[in-house]
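**Student:** If you're matching them up, the sequences are chains Y and U in order.
Anchor point for the first sequence: position 221 equals 221 in full-length UniProt numbering, and the numbering is continuous, going up by one each time.
Anchor point for the second sequence: position 354 equals 354 in full-length UniProt numbering, and the numbering is continuous, going up by one each time.
Hints should not be assumed to be uniformly reliable.
Treat identical chains as interchangeable: a pair holds within one or across any two.
[Claimed, not checked] No more than 20 Å apart at the CA atoms, straight line, and that leaves these computed lysine to aspartate or glutamate pairs for EDC-like:
1. Lys-256 to Glu-143
2. Lys-279 to Asp-366
3. Lys-328 to Asp-350
4. Lys-305 to Asp-198
5. Lys-89 to Glu-332
6. Lys-220 to Glu-139
7. Lys-117 to Glu-53
8. Lys-370 to Asp-177
9. Lys-244 to Asp-366
10. Lys-244 to Glu-53
11. Lys-90 to Glu-373
12. Lys-328 to Glu-181
These aren't lab readings, by the way, just hints derived from the structure by calculation.
Source: prediction; values computed, not measured.
This is what each chain is made of:
Protein chains: 2
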Amino acid sequence: MKFGQDHPRRLIHSFKVGVALVLISTLHHFRPSFYAFGDNIMWAVLTVVVVLEFSVGATLGKGLNRMLATFLAGGLGVGTHCLANLSGKKGEAVLTPIFIFLIAGTVTLMRFSPRFKVRYDYGLIIFILTFCLVSLSDEKESEMLEIAHERLLTIIIGSCIAVMVCICICPVWAGEDLHNEIAGNMEKLADFFEGFSDEYFNNSDTTHVVQDKSFMHRYKSVLSSKSSEETMAVLARWEPCHGKFKFHHPWKQYLKIGNQTRVCAYKIEALSAYLLHSKQNPHEVQSMIQESCTIISSECGKTLKESSLGVRHMTKSSMPNQHVANAKNAVESLKSVLRTNPWEGADYVDIIAVAAVASLLIDVVDCIEKICEAIEELASLARFVPSQLLHQGTVQPISKRDDSIHVIIIDEITPRLYE
Amino acid sequence: MKFGQDHPRRLIHSFKVGVALVLISTLHHFRPSFYAFGDNIMWAVLTVVVVLEFSVGATLGKGLNRMLATFLAGGLGVGTHCLANLSGKKGEAVLTPIFIFLIAGTVTLMRFSPRFKVRYDYGLIIFILTFCLVSLSDEKESEMLEIAHERLLTIIIGSCIAVMVCICICPVWAGEDLHNEIAGNMEKLADFFEGFSDEYFNNSDTTHVVQDKSFMHRYKSVLSSKSSEETMAVLARWEPCHGKFKFHHPWKQYLKIGNQTRVCAYKIEALSAYLLHSKQNPHEVQSMIQESCTIISSECGKTLKESSLGVRHMTKSSMPNQHVANAKNAVESLKSVLRTNPWEGADYVDIIAVAAVASLLIDVVDCIEKICEAIEELASLARFVPSQLLHQGTVQPISKRDDSIHVIIIDEITPRLYE
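Make a model of the complete structure from these sequences and hints.
**Tutor:** This is the structure we're talking about:
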C-alpha cells in the first residue's frame, strides 16, 4: 500500500478501474434492453480492462483505435469470408489462410512504420485480431453479420464506460502532465544554477554549516526525459480541450522546448564534474572570475525560473529576456576581466579547469537563450496572455562597466490566468 | 514496402506473424483431437496475435505471463464464484461486484510497483481480465471448470505456437540486440574521438578536400539510449541460453556499461560545441596543445574501438588498458606543456575556449577508464576468454618525455570465439 499513498493519483486510478468493472458487472446483472448480447458481453469486460488507462489521452486513443479497427476489420473479414465462400468448401480451406497470411503480414509490417507506430499501434493489433476471428468463424453469413454487429456494439459500450469513468472521476490529462513536466524540468536546471556559484566558489560555509545539496542533482532526471516527453505529447494529441488547453494546443512545441532543455542539461552535466574538484583549484585563480560567473549562473537560474513560471501559468513576460540580457552583460564583463590577463604567473594546469567552467558558463547562456526563444514561439502559438504583475518588480540592467551586483527582488507575481 | 526493405528483420517478423496465424487456421480447419474446443478456440487466435512479438524475450515473457495469469486468475475466479454462490441469488449479486472491485483495484495498484511493472505488467492485466470474465460467467460450477480448463489449454496452445514460430524462424534475441547495441554505442563514441582532432585542429584540409563528417554525429543517438537499453535488458532475462550467451548471462552489467558510455557521450556533447567555433580561435593558441590532445583523443578512440571489439567477440584483452595508459601519459605530457606557460601574451578570451577543450579531454580519459572497468567486470562475470591474436599487434607505450607519436597498427584480430 506504501506506493499507493506516495501517489494519490495511482490510488485513484485503481479505484476507477474497480468502479468501471463494477459498472459493467451491474449492467451484466440487470441486462437492460440495449445490453442483451448473449455470449458477446464478455467483449465489453475485455474492452474496459484493456482500454481504461492512467491518462485520458491513452484511454481515448485506445478506445477510438479499438472501435475503428474492429469496425474496419469486421467489414473486411465479412467481405473476404463471402469471397472465400463463393469458391466452395475446398476453395475456402485454401483461400482463408492465404487472406489471413497476406492481411496479417501487411498490417504487421505497417506496425513498424514510425508514422503508424506512435498513434495507431494498438488499432493495428486489434485489426489483425478481429480480421482473423471473423475469417475463422464457422457461422453462416447472416449470423456472422449479427455477431459482428453485436461485438462492435459491446466494444463501443465498453469503450464508452472506460472513457466516461476516466474523464468523470479525477481525470489525469497527459497534456497537463507534459505541460507541468516541461516547466518542472526548467526549474530543476534553475536549481542547479542557483546553487552552482555557492558550491563552486565555496561560499556555502559562510551561510549554513550543513546544507542539503540534493537539489543540485535534480537536473539528472532531465537527461533521460526524452522518451517520456514524446509519449506524453502523442497521448496529449488525443485529448479534447480541457482546463486552460484548447483543442489544437501546440503540443509539438513542448518537445522543442524539452530538447533545448536537455541540451542545457548536458552542459550542466559537464559543469557538475568541475564541482567535485573545485577545492583543488587555488582560490586566487577561481576568485578572478567569481564575480562575473556568479552573476551569469544566478541570472541563468532566474531566467529559467521565470520562464518556467511563465509556461506554468501560460503568461508572457519580458522578465526572462531581461535576465538573459543581464547574463550576457555578465559574459561581456567576464571577457573584459579575462582580457586583463588575470592569471599572470599561475599554473596553467590549475587555470584550465577554471577556464573550462568559465567557457561552459558562457556556452550555457546561448543554450538558455534558445530555450527562451522556443518558449516565445510556444507563447505566440498558444496565445499566452501578458502577465499582470500586482507588485510590479523591476529588473535593473547590469551594465558592463558597473560590476556591483544588483539585487533583483520581485515580491509577488499574480499573473492573470488564462482560465 | 520501403521500410520493410530497409530492415529485413521486420519483413521476416511480418512473415512469421502470417505463418503463425496460418498454422492456427489450419488447426482450426482440421480440428485434431487435442484441439476440439468449441467456441473457446478463438482464445488461441487471440493469444497468437497478442503474444507473438519481435524478440524471443518479449514473446516468451508475454506467453508465460499469459499462461500463469490465466491459471491463477481462473482458480481465484472459480473460488470466489463458489463463495458468492453459497449466499444465494441475492448475495451473489452483491458479493460479485465487491470481489471484482477489490481484486481489480489491488492488482491495478500492483501494476504501478516498479518491481512488477517491468516484468509482470502484461500478466497483471490478464489476471484482472480473466478474473472478471470467470466471475461474471453465468455457467454452473461444473461447466465453469470445464470452460476454464479449455480456455487455459487453448491459451497454452496459442502461446506454444507463438513461441515455436518465434524461435524456429530466424529468431531475434533481445539479449543479442542489447549486446550489439552496447558494443555499437562504444564504436559511435570512438568515431567521434577518431575524427575530433582532425576536425578541431583543422588538419582535415590537408588530407581530403570534401569529407563526410556525419560519422562525427553518430554519438548523438547514445544520449537518449537509456530506455531502450533497459527494455532490452528486461526482455533478455526471459530468454534461454542461445548462441554465445548462457542462461544467467549478466545482462544487468550491460546497463552499467551503457550508463558509463552515456556519461562519456554527455562530455562529447559538451566537446562538440567547441568544434563549431574552432576556427575562431587563433591557430597559435590551439597548436600548443595540438600534439597531446591529438594523442589523447586518438587513444580514447582506440580504447573504445578495442573495448567494443572485445565485448562483441566476448574476449578479454589487455589492449584497451594499454591505450588508456597511453592516454594518461598524453594527459601528463599535456600538463607538462601547460606548465611551461605556453600562451604567454595571448588573449585570455581565446584561451578559455581552448583550455576548456583540454580540460574536457582530460575528463574524458577518466570516463573511458570507468567504461573499461565496467567491461572488465562483465568479462569476469560472463567468463570472457582471453583473445588469441593471430597477427599479434603491439602497442608501444608512449612515454611522458618522448613526445613523438607512435603509430600503432594491429593488422588483424582473430579472437577464438566462445562458441
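**Student:** Of the numbered hints stated earlier in the document, which are not met by this structure?
**Tutor:** 1, 5, 6, 8, 9, 10, 11, 12
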